[in-house]
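Participant: Going down the list, the sequences are from chains A and B.
This note's numbering applies: residue 1 is where the first sequence begins, and numbers increase by one.
This note's numbering applies: residue 378 is where the second sequence begins, and numbers increase by one.
Treat the hints as calculated values from the structure; they're not laboratory data.
A hint or two may mislead.
What the hints assert, rightly or not - With the Cβ distance kept under 8 Å, some of the chain A side facing chain B (calculated, not the full set): (1) T64; (2) P87; (3) N88; (4) A111; (5) L273; (6) D275; (7) Y337; (8) G353; (9) G376.
What the hints assert, rightly or not - Stretch-level coverage of chain B by chain A, calculated; a stretch enters the list once three of its residues show a Cβ under 8 Å from a Cβ in chain A: (10) 639 to 653; (11) 711 to 720.
The C-beta atom is built at its ideal place from N, Cα and C for all residues, glycine as well.
There are 2 protein chains.
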Amino acid sequence: MSKFSNLLTPACLIDLPRLIANADRMAAVADVAGVALRPHVKTLKSLEAAQIYAPLPMPITVSTLAEGRAFAEAGYSDILYAVGLTPNKLPAVNALLENNISLTVLIDSSAAAEALADSADNLSGTLNVAVEVDTDGHRAGIGAESPVLLQIAAKLAGSSKLNLVGVMAHAGGSYGAFDSEARQHSAQQECDKALLASARLEEAGFPVTMISVGSTPTALSGITHEGITELRAGVYATFDCVMAGLGVCQYQDIAISVLTSVIGRQDEKGWVLVDAGWMALSRDTGTASHPTDCGYGLVCDVHGNLLDGWYVQQTNQEHGVIVHRDGHTPTEQNFSYGTMLRILPVHACATAGQFEKYHVTRDNVHTQETWNRINGW
Amino acid sequence: MSKFSNLLTPACLIDLPRLIANADRMAAVADVAGVALRPHVKTLKSLEAAQIYAPLPMPITVSTLAEGRAFAEAGYSDILYAVGLTPNKLPAVNALLENNISLTVLIDSSAAAEALADSADNLSGTLNVAVEVDTDGHRAGIGAESPVLLQIAAKLAGSSKLNLVGVMAHAGGSYGAFDSEARQHSAQQECDKALLASARLEEAGFPVTMISVGSTPTALSGITHEGITELRAGVYATFDCVMAGLGVCQYQDIAISVLTSVIGRQDEKGWVLVDAGWMALSRDTGTASHPTDCGYGLVCDVHGNLLDGWYVQQTNQEHGVIVHRDGHTPTEQNFSYGTMLRILPVHACATAGQFEKYHVTRDNVHTQETWNRINGW
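The shape of chain A in the complex, shown without the other chains (with noise of 0.2 Å):
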């Protein structure tokens, strides 16, 4: 155990217990839907991190082919590369066929399907793919109903190395979803759209293995989830405002936070601040649209205590603008020069993004345990 006080600032936390707690809420969701939980390690793409949330043998998902590589050599065999495969990854995807890893990759489109069946020859071993589905208009996919689906089936049916594993959709629009009532109306629809698509796939004679659906929302909206095969899940096992913006968690339930050191203080404009910018606490501002805006993040004591109504609300590269949401003035008792403060990250994958290790906590203690990320791609 050490004091945070040795820690260099701006450095990112991990909340253990919290973690932990939040990894099980999911888990018992997975469990009582009786489906397969397959956990998004992109927030904290970390190894040590994945132990909590995302145990050996779990299959998994990722961003990025680099978290592939990394967690394929940790001993995880079935990987689901959830991005859009764009043809200069075959090398890399190639790469984990080699060692024996059941991968799965997304396309959602002919053109796709065509560039992957022209090169699949080449191929190690045999690669799964799933179709995206596009439940709610937010990014990518096609339509549950669009024809392209049995084109896609019918070029990857041309290759005997590709394997055409079912459908996969992430209902991004959940993300604006801010009562439950949305959130299970969200999920549904992700569920209806992935289980019609896969009906007509397996209705035109491919066989559908896996039907993965998933958002944090919409995992833990409370729906049944019947007929799915899988869920997906990424941000749930840290949350952060955003997600208690939506009410999906409390603030007290999120297991990240950025701490920094006050470097100074603008009285008269009722400004502290500090040595966490954007740097350290990302660009992101996914609260902007929230009845409470955090801005680049809410305030806490060093103890992980909110300070009520304080947050970031200006970044540069290394300094933040800490200011009252009511104009406040800060006071030398709260906020003296290098008085050590915690941030609750607005989007814990862009905050957590911008660091390369953590350190871990425990009953708010620092626990000298540190925690590698793998960035790149």
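Fit chain B to the supplied structure of chain A, relying on the hints for placement.
Facilitator: What follows is chain B alone, placed relative to chain A:
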């Protein structure tokens, strides 16, 4: 020489001829003004890149002590750490002093001066200290006429290990100056306030050797910078859409871009999906208040030619959504699956910060040379 198609996207490219031209432009400004140039290495944080715009034995500015350590090891001996010092960084500061680095740190309060004076006996060498002067209410610093200036000077004078060298000012407000006249006003104000604070120190018997001013817009504003001792600037080496939007450079001067591949399209929405999301581009939307909002970056073809009107409108972690400003429909011809594009970043410091290395291009050809970046704190 190598084809771009051998690179795994997203990848960060540096255009060497442009970097050299940008470096030459700033060097000429300092030459004409007859002042030292102390480049800020915070944008690329790369020893290899610094050989172009901050070759040894130039003095440099750093934004983290991690940069300070790496540049000190590479032979840089005159380093300004331009973020207000916090007490927990003293061991890292002292490690640089032990290596005989002429290190200057920054403070802007009596509390910081007192804390530093209280700890100075433990320092292994003499630590240079500059006082940050606020010139435009933008961020940190004391007013040039503030009584705190002389209080700080008096407190530092009490320790033989602390050497008050002078003042530093950064006209951050110049990022809101959209014409030459506004930039010149900002630059002159930056000089005037720094000179005023310096004169007050001198009058009070504290000799001044550092009167340091700068930001890219003010350094390139065309004023004489008479009386100051050194210019600081950083983003000029690469420039970005923010700088082009202000009129400080042209888009074709931008020396940094993110290579990305087309994942797919959502034609009915006019969307091109690419594999550069905010993890590659950052969440910076620094041109949102500009007459031309570049979103998360302007789109070029793989050779770096701007595709008029196309920009990255939305980002998720690993997805970017490209649209046309006037709603043009993306065609198979210009945005087919797998097509490589380059994105000119909105804010080079933020985008570069998302990468661990850069790929160097010359005459639009990938040279196979890579430069490493120093991340962390």
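Participant: So which hints don't hold here, by number, going up?
Facilitator: As far as the earlier hints go, not one is violated by this structure.
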